[in-house]
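S.K.: Sequences listed follow chains A and B, in order.
Take any residue in the first sequence, count from 1 to its spot, add 18: that is its number in our numbering.
Take any residue in the second sequence, count from 1 to its spot, add 18: that is its number in our numbering.
Treat the hints with caution; some may be incorrect.
No copy is singled out in the list; a pair is fine if it fits within one copy or between any two copies.
What the hints assert, rightly or not - With a Cα cut of at most 25 Å, we get these calculated DMTMM-like pairs of lysine to aspartate or glutamate: (1) K80 to E178; (2) K214 to D165; (3) K80 to D43; (4) K143 to E178; (5) K84 to E215; (6) K84 to E163; (7) K214 to E67; (8) K200 to E169; (9) K84 to E67; (10) K214 to E105; (11) K195 to D81; (12) K214 to E163; (13) K195 to D62; (14) K20 to D45; (15) K200 to E67; (16) K20 to D69.
Just so you know, these hints were derived from the structure itself, not from any lab.
Protein chains: 2
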Amino acid sequence: MKKIRIYIADDHQLIVEGLQRLLLDQDDIIFVGSSNNGLEAEQDILQKEPDIALLDIRMPGKDGLKITQNLFHLQSPTKVIILSMYEDIRYINDAKNFGAYGYLLKNTCREEFLEAIHLVQTGKKIFHKIEAKQTKELIFLTPREKDIIKELSHGKTNQEIADELSLSVQTVMTHRKNIRAKTGTKNLANLLLVLKEQGIDLE
Amino acid sequence: MKKIRIYIADDHQLIVEGLQRLLLDQDDIIFVGSSNNGLEAEQDILQKEPDIALLDIRMPGKDGLKITQNLFHLQSPTKVIILSMYEDIRYINDAKNFGAYGYLLKNTCREEFLEAIHLVQTGKKIFHKIEAKQTKELIFLTPREKDIIKELSHGKTNQEIADELSLSVQTVMTHRKNIRAKTGTKNLANLLLVLKEQGIDLE
DNA sequence: ATAATGCTACCTATTTCTAGGTATTTTTTT
DNA sequence: AAAAAAATACCTAGAAATAGGTAGCATTAT
């Protein structure tokens, strides 16, 4: 019987070793390598072509989602399962769009883990299901609005932002007005909190 | 030969299993229990009195530092090793002050891990050494200042916060002034960004 | 016991932001 | 080509926050 060849990439060595040991118990799984660095992981995966790669999102060098995208783009035969601490619909969607075969939270238990790996090996996809909280309206900010918020996050005043982006102060005010209206927020702290809760990044 | 009895608490089950398996390989170590919840862990530890408890900082119920403090206070014989993702001098100092025997990063490798456990078992203390990057000033916010920021994050005005916390508006303003001075931030968005970057939570 | 820190409170002039609007131009979508 | 969305700009009154102070009292460390 052909063993499932698995590669692991996570910046926390403890997770790597934990997974490794978890997998070594299984006699249909063979561990082919690991890395704590995204760039190294990508190279390794391209070279070793494991059946499955378990990739953390946050890694030095290159994040797991970018690696996924690139592997998919290069038509690598390796199926990626994203490992994440975050139950975040955007990450999950990114993972799906970038061609991953799975998205698992790090607090997944051993049984589910192994089940997921076996399912993915047979070509099925398994994505963590997000709870109901995702029902609330999503907020869409325009690129310009995000620009403004980014500048605000750096402590800029309307005037400074206007200068920076070659706008009039009134325009900056209008954008901020629109942002407040869209988000229903009353001050900047509240705005950032809501953006964080809604999982909106300014890139 | 007496085996070292170890308890593990971490909200990420993967870490728990990883550690568990890592330890099971060692024939002088015996695993006596684990939990993903701080409160449960504390009870378990008090009851089972393991030789060593590996505690995560972030856990639902009760954080590892608080547990450490309480175990020390109750003169528990269990020696605590804090497990953390953060190379943060404040956490390390807390761990020391609360009577922990060790502070290890989660990306510690297996060898160092086992070494640390054995050292701690003999009564030695082992704390992660922080790199030079810790040169940048750390920001210490007082509980009251955190209260104010929390309220601000909920979109409250100074007046509303004053009412809420039974303070005068002037006092709220003073706190905000001090917060700005401490953090070197110019507006609320900037403040929240800096707090995030510095890994400061408002609890 | 002394020092340091944290929390509280006040004052004033100035700056910044908000909440209502309206309105033109550019870009994107259909 | 028409419609929709995004980005731009302006006005005004009023609300809110800032920057510069000073200072008393309570609690915690040393």
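S.K.: Hints first: check each against the structure and report whether it holds.
M.R.: Hint-by-hint comparison with the structure:
Taking identical chains as interchangeable, the C-alpha atoms of K80 and E178 are never at most 25 Å apart, the minima being 31 Å within one chain and 44 Å between chains. Taking the shortest Cα distances, K214 and D165 sit within 25 Å of each other both inside one copy (16 Å) and across copies (19 Å). Taking the closest pair of Cα atoms, K80 and D43 never come within 25 Å of each other, the shortest separation being 30 Å inside a single copy and 32 Å across copies. Taking the closest pair of Cα atoms, K143 and E178 never come within 25 Å of each other, the shortest separation being 48 Å inside a single copy and 50 Å across copies.
Both within a single protomer and between protomers do K84 and E215 lie at most 25 Å apart by alpha-carbon distance, with minima of 23 Å and 22 Å respectively. With identical chains, the CA atoms of K84 and E163 are at most 25 Å apart within one copy only, with a shortest distance of 21 Å there and 39 Å across copies. Taking the shortest Cα distances, K214 and E67 never come within 25 Å of each other, neither inside one copy (37 Å) nor across copies (38 Å). Within a single copy, K200 and E169 get their C-alpha atoms as close as 18 Å, and across copies as close as 21 Å, so both meet the 25 Å cut-off.
Within a single copy, K84 and E67 get their C-alpha atoms as close as 17 Å, which meets the 25 Å cut-off; across copies the closest is 45 Å, which misses it. Within a single copy, K214 and E105 get their C-alpha atoms as close as 13 Å, and across copies as close as 19 Å, so both meet the 25 Å cut-off. Neither within a single protomer nor between protomers do K195 and D81 lie at most 25 Å apart by alpha-carbon distance, with minima of 31 Å and 38 Å respectively. When the C-alpha separation of K214 and E163 is checked against a cutoff of 25 Å, the pair qualifies both within a copy, at 16 Å, and between copies, at 21 Å.
Taking the closest pair of Cα atoms, K195 and D62 never come within 25 Å of each other, the shortest separation being 45 Å inside a single copy and 52 Å across copies. In this assembly of identical chains, K20 and D45 lie within 25 Å of each other by CA distance solely inside one copy; the values are 10 Å within and 32 Å between copies. In this assembly of identical chains, the alpha carbons of K200 and E67 never lie at most 25 Å apart, being 42 Å within a copy and 51 Å across copies at closest. When the C-alpha separation of K20 and D69 is checked against a cutoff of 25 Å, the pair qualifies only within one copy, where the shortest distance is 11 Å, while the shortest distance between copies is 43 Å.
Violated hints, in rising order: 1, 3, 4, 7, 11, 13, 15; the structure is consistent with all others.
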